[in-house]
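Residue numbers (our numbering), protein chains in the order written: chain H, 1 to 435; chain A, 1 to 463.
Some hints could be false.
PhoX-like mimics (lysine-lysine), calculated; alpha carbons at most 25 Å apart, straight line [what the hints assert, rightly or not]:
no., chain 1, residue 1, chain 2, residue 2
1, H, LYS248, H, LYS276
2, H, LYS154, A, LYS339
3, A, LYS339, H, LYS90
4, H, LYS154, H, LYS248
5, H, LYS154, A, LYS198
6, A, LYS198, A, LYS92
To give a feel for the contact side, a few chain H residues facing chain A, derived at Cβ under 10 Å [said to hold, decoys possible]:
no., residue
7, PRO29
8, MET33
9, GLN45
10, ARG83
11, ASP87
12, GLY89
13, ASP102
14, GLN125
15, GLY216
16, LEU384
Honestly, the hints are just simulated from the structure, not real lab data.
Given the structure is predicted, the values throughout are model-derived calculations rather than measurements.
Beta carbons: idealized from backbone N, C-alpha and C, even for Gly.
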Amino acid sequence: MKLFAATVVALAGLTLTAAAPPPDATRFPQASMLRLPNGVIVTAQISSDAPIASAAVFVPAGLAQQNAANAGIAAVTAAVVLRTPVDGGKSVSAAAVAAGGDAAYTVDPEATRFEIECQASALPQLIADLARALAAPDPSQFAAARSDVLNAAKSDDNNPAMVAYSMVRQVRYQGTGFAFPQGGRSTSLTRLTVVDMQRFAASYQYGNGTVIALAGALAPGEIDSIAKPFASWPARSAPPPPAVTAEKRQHEIVAHRNVQVPWLAVGFAAPSQFSKDFPTMLVIQALLGRGGDVHAFSFGSSGSAAPPDYVGAYYQYEARPGSFLIFFNGASGDIDAALKQLEDGITRLRGQQLPDELIARARKLALGDYYLSVTSLSDAAWLLGRSAGSPDGVAFEDALAARISSVTPADVQRVARQYLADETVAVVLPVESGR
Amino acid sequence: MIIPRGAIAALALGIACVAGAGRAASAAAPAAAQKLAPGESVLPDGLTMAVRRATLSPTAALEVWIVSPADGYGTSTPGIARLTALSVVATKVNGQSLRDIVHDNGGQLMISVFPSSTEISVLAPGNAATPLAQALLARVIHPAIDDAGFRDAKLRLAEQQAVASTDPDVLLRDGIFNQLFTNGPFHASTYGGPVILKGLGLADAQAFATAAYVPANEIVVAVGGGLDEAALGAQIAQAAPGATQGNVMPVSARAQGQNPPLNAGFADTGGVAVGWAGPAVSDERMSTAMDFLSDYLTRPDYGVVAKAIANDDPRAEFNGQFITLRDTGIFYMTVAAGKRSADATIAAITDAIAPVLRGPLPRGEFDRALAAFRVHTLRDTQTPEELADNYGWYFAQGAPAYAPAATDMTLSGDYYNQAAALTPDIVYEAAKTYLGVKPVIATVAPRPTTPATTSMLVPGGRP
C-alpha cells in the first residue's frame with residue numbers, strides 16, 4: 001500500500017529529479033535450444049558455480065483448459081503426477097526429497113509447470129521419473145491428491161486477496177477455466193473422477209507446446225538424456241484455449257468474508273507477455289506501484305503463494321489477455337483516498353504524455369524488477385522456458401530488456417488509453433457489515 | 001551454517017558470538033590473521049573484501065557487514081546499531097539518500113541487524129551494479145548521519161519495534177538468547193524498546209557509527225552474474241578509508257545453571273521455543289555436525305522434527321536451525337500457532353529428536369542424509385544474495401574460510417571437507433554433547449482479544 005500510494009502521489013505531480021542516463025545493458029547467459037522432431041523444446045543455461053541444477057517442465061494444459069464441471073482438475077492431476085510411484089515405490093516428490101532436492105507443480109493460466117531442483121547428476125533420472133508419471137499418473141493417488149487440493153482451495157477462500165483476485169477473474173475470463181478459483185470449488189472437486197484426471201493428463205501429451213528448461217551445472221550428455229523420455233510424445237499441437245471475450249463495461253462485485261476490514265481489487269485488461277505492448281505495461285506497473293511478480297498469486301503444490309495482506313499492483317501476463325490489478329487493504333489506510341489517487345493517476349496516464357524524466361525513472365524501475373525477478377536457478381529455468389516458448393525464442397530474455405529501455409511517453413499514453421478502462425472492482429467486506 | 005534469506009530477514013533479532021561455559025569472551029578486530037576464503041583479501045587499512053562472479057542471475061548482491069554490538073559499546077543500549085544503520089541509509093548527501101539512489105536504480109536495499117553484526121545490502125540489477133556499488137561504499141564505508149536522516153530512522157525503528165513486538169518467532173528467539181546469556185549484545189533484543197529509543201539522540205547514532213564503522217570491523221562483499229571483478233575490486237580499494245582502531249566487542253556471558261521457562265510476552269499467536277548452546281565456530285568438526293543435525297531435524301518438509309510437528313498439527317508453524325557463532329553456537333526450535341500446549345509441544349520435540357540421542361544413525365540412513373545435507377546446503381547458497389550473506393556471516397564469526405559459499409564444482413573448501421569427513425559417530429557425539437542436555441525454554445502467549453467497543457451498552461463491551 002505504501003509503495004502504491006507513494007508512487008501514485010509521484011505520478012499525480014511530484015517534483016522530478018534530473019533524468020539519469022539510459023541504463024547499460026546486462027545480458028542473460030547464453031542459452032542453448034533444441035527442438036525435437038515432435039516439437040518438444042529443450043533449452044538450457046549452463047553454469048559451473050555449484051553441482052546443482054533446476055528444471056522447469058511446461059506442459060500445455062493449465063487452468064484455462066478446465067471447464068465449469070471440472071474446475072480444479074488441473075491442480076488435482078498435477079498433484080497425482082507428483083504422488084505417482086516411480087522409483088522403488090517412491091513417488092516423484094519423495095524421490096526428489098530423498099536426494100536433497102525438491103519437486104513441485106504450479107498451475108499456470110495455459111500450462112502446468114513441474115519444477116525439480118536437485119544435485120545436477122540426479123536430474124536426468126528424476127526427469128525421466130517425472131516423464132513416466134506424466135504419461136501414466138497413478139489412479140490410486142487420486143483421492144489423496146484431491147484432498148490436498150481441496151484443503152488448499154478452502155484456505156484460499158479465507159484469504160481476502162485471493163478472493164478479490166478470483167472475483168476479478170470470474171468477470172474478466174468468463175468462458176474459460178481461468179475464471180474459476182485456481183484450486184477449484186469444493187462442489188466441482190468432489191465430483192471429479194479418476195477418468196477426469198486421466199483425460200486431463202492425456203491433454204499434457206503434445207509435443208508442440210511442451211518446453212523443458214534447464215539451468216545449472218549440466219553437461220551436454222545430461223541434457224540429451226533429459227530430452228530422451230519426451231522424444232516419444234506425439235508430434236501434435238495442443239488446441240488453443242477458449243477465447244476470452246473482452247470486457248467492455250465496468251463491473252462492481254461484492255463478497256462477504258470473515259475479514260476484519262474491507263478489501264478491494266481494481267482489475268483492468270492488460271497485454272499478455274508476448275504482446276508488443278508488454279514492455280510498456282511493465283513501465284506502467286512501475287508508475288502505478290510495484291507489487292509482487294507474476295507468480296504472486298499462483299496455485300501449486302504448497303497451495304497459493306499470495307499472502308493474505310497483499311497490497312499494491314499485480315500484473316498477470318501469462319493469461320491471454322493479461323490483467324492488471326491493484327489491491328487495497330482497509331487496514332493500511334484510507335481506501336477512498338487511495339482509490340482517488342489511483343483514479344487521478346490513471347486519468348493523468350491517459351490524458352497526457354508524461355515527462356521524459358518520469359518515464360525514464362519508471363523504465364529503470366521496470367528493468368530493475370525484471371532483472372531482480374531472476375536470482376535462483378529455479379527463476380532462471382522459468383524465465384528461460386517462457387522465452388523458449390515465445391515467438392522470439394530464447395532471445396526474448398535480452399530483447400525484453402531492450403524493449404523496456406525504449407518505452408516512450410507516447411507508448412505509455414497509448415497503452416494506458418487502450419487498456420486502463422472498463423475496470424472490474426471486487427470488494428470483500430466483513431461479514432457483519434452486510435448482514 | 002547456512003543463513004537462508006528468510007532467516008536473515010526474520011532474524012532481525014540475532015545471533016553472534018559468546019563466551020564459553022561460565023566465561024566471558026570478547027571478539028577482537030575480526031580481520032586479524034584470519035584464514036580467508038578464495039577471492040577474499042584484506043586492504044592495508046584492515047577492510048576485507050570478497051568479490052565473486054557467480055550464478056546465472058542478472059543481478060548483483062552488494063553488501064557491507066559491520067562487526068559491532070547491537071546494543072552499543074558502553075552502557076547497554078539495545079537498538080542503537082539498528083538505529084544507526086537506518087540513519088546512515090536515510091541521510092541525504094547532495095539531496096539523495098542511499099535509499100533514494102537504490103530505489104531510483106531499480107534495486108532493493110535491506111538492513112539486517114544481528115547481536116554482533118550489522119548488514120547493509122543492496123540487491124542491484126546487473127545494469128546498475130557499478131553505480132550502486134559506488135553509492136553503497138560512499139555511504140556506508142564513510143558514514144554520515146544528519147538530523148533529518150536520524151529522525152527518519154527513529155520513525156522507522158519505532159514501526160519495526162511495533163511489528164517485532166507481536167511476532168512470536170522474534171519474541172521466542174529473543175527469549176532463547178535472553179535465557180542463554182546474562183548480558184552483552186546477545187542478551188537483549190536488537191530492536192530495543194520504545195523507552196530507550198525515545199531517549200536516543202543524533203549524537204548517540206553518530207558516536208556509534210564512529211566507533212563501529214571502521215575498516216577493521218568491515219567486509220565488503222560483491223557477488224553477481226556479470227561483475228567485472230577487477231574493476232569492482234579497484235572500486236572498493238579506492239573507497240576504503242584510512243585505518244582506524246577497531247573497538248572490542250563487549251562480553252556476552254553464558255548463563256549458568258538451569259533457568260525456569262521464560263515468558264517472553266504476548267504475540268499474535270502463542271508459541272514455545274527450546275534452545276541449546278553449541279560449539280564455537282572454531283570447532284569446525286562439531287559445528288558441521290550440528291549443521292547436519294539441524295538439517296536432519298529441522299529442515300521444513302524434510303527434518304524429522306519438522307515433519308513430526310506438521311503431521312500432528314498442520315497449523316503449527318515450526319522453525320529451527322543451528323546458528324554458527326564465533327564462541328558459542330545456538331541450536332533452537334520454535335513452534336507457534338499450534339493447537340498443543342507448550343508442554344505437549346516440548347514433549348513432541350523431545351520424542352522426535354530421541355533417535356539421534358540413542359546412538360549413531362544407521363550407516364545407510366546416515367549416507368543418504370549426508371548426501372541430502374550437501375545438496376540442501378548448495379541449494380541454500382545459490383543466489384547472489386545468499387552467497388554474499390554467507391561470506392558476510394562467516395567473516396563476522398571470524399571464520400571466513402569456513403563459509404559454505406567458499407566452494408566450487410568439486411566441493412572444495414573447508415566446509416565441504418568437514419562435511420565429507422562426518423561419520424555417524426561424530427554426529428552422535430555432537431548430538432549427545434549439545435542436545436543431550438536440558439534445553440532452555442521460552443514461551444509467548446496469544447495477545448488477549450480486545451473488545452471491539454468499550455461501551456457498557458453493547459454486549460461484549462468493557463464494563
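Going down the list of hints, with the structure as the test:
no.: 1; hint: H:LYS248 <-> H:LYS276; verdict: 21 Å, holds
no.: 2; hint: H:LYS154 <-> A:LYS339; verdict: 19 Å, holds
no.: 3; hint: A:LYS339 <-> H:LYS90; verdict: 31 Å, violated
no.: 4; hint: H:LYS154 <-> H:LYS248; verdict: 32 Å, violated
no.: 5; hint: H:LYS154 <-> A:LYS198; verdict: 45 Å, violated
no.: 6; hint: A:LYS198 <-> A:LYS92; verdict: 23 Å, holds
no.: 7; hint: PRO29; verdict: 5 Å, holds
no.: 8; hint: MET33; verdict: 15 Å, violated
no.: 9; hint: GLN45; verdict: 5 Å, holds
no.: 10; hint: ARG83; verdict: 15 Å, violated
no.: 11; hint: ASP87; verdict: 13 Å, violated
no.: 12; hint: GLY89; verdict: 15 Å, violated
no.: 13; hint: ASP102; verdict: 8 Å, holds
no.: 14; hint: GLN125; verdict: 14 Å, violated
no.: 15; hint: GLY216; verdict: 8 Å, holds
no.: 16; hint: LEU384; verdict: 9 Å, holds
In summary, the numbered hints that this structure violates are 3, 4, 5, 8, 10, 11, 12, 14.
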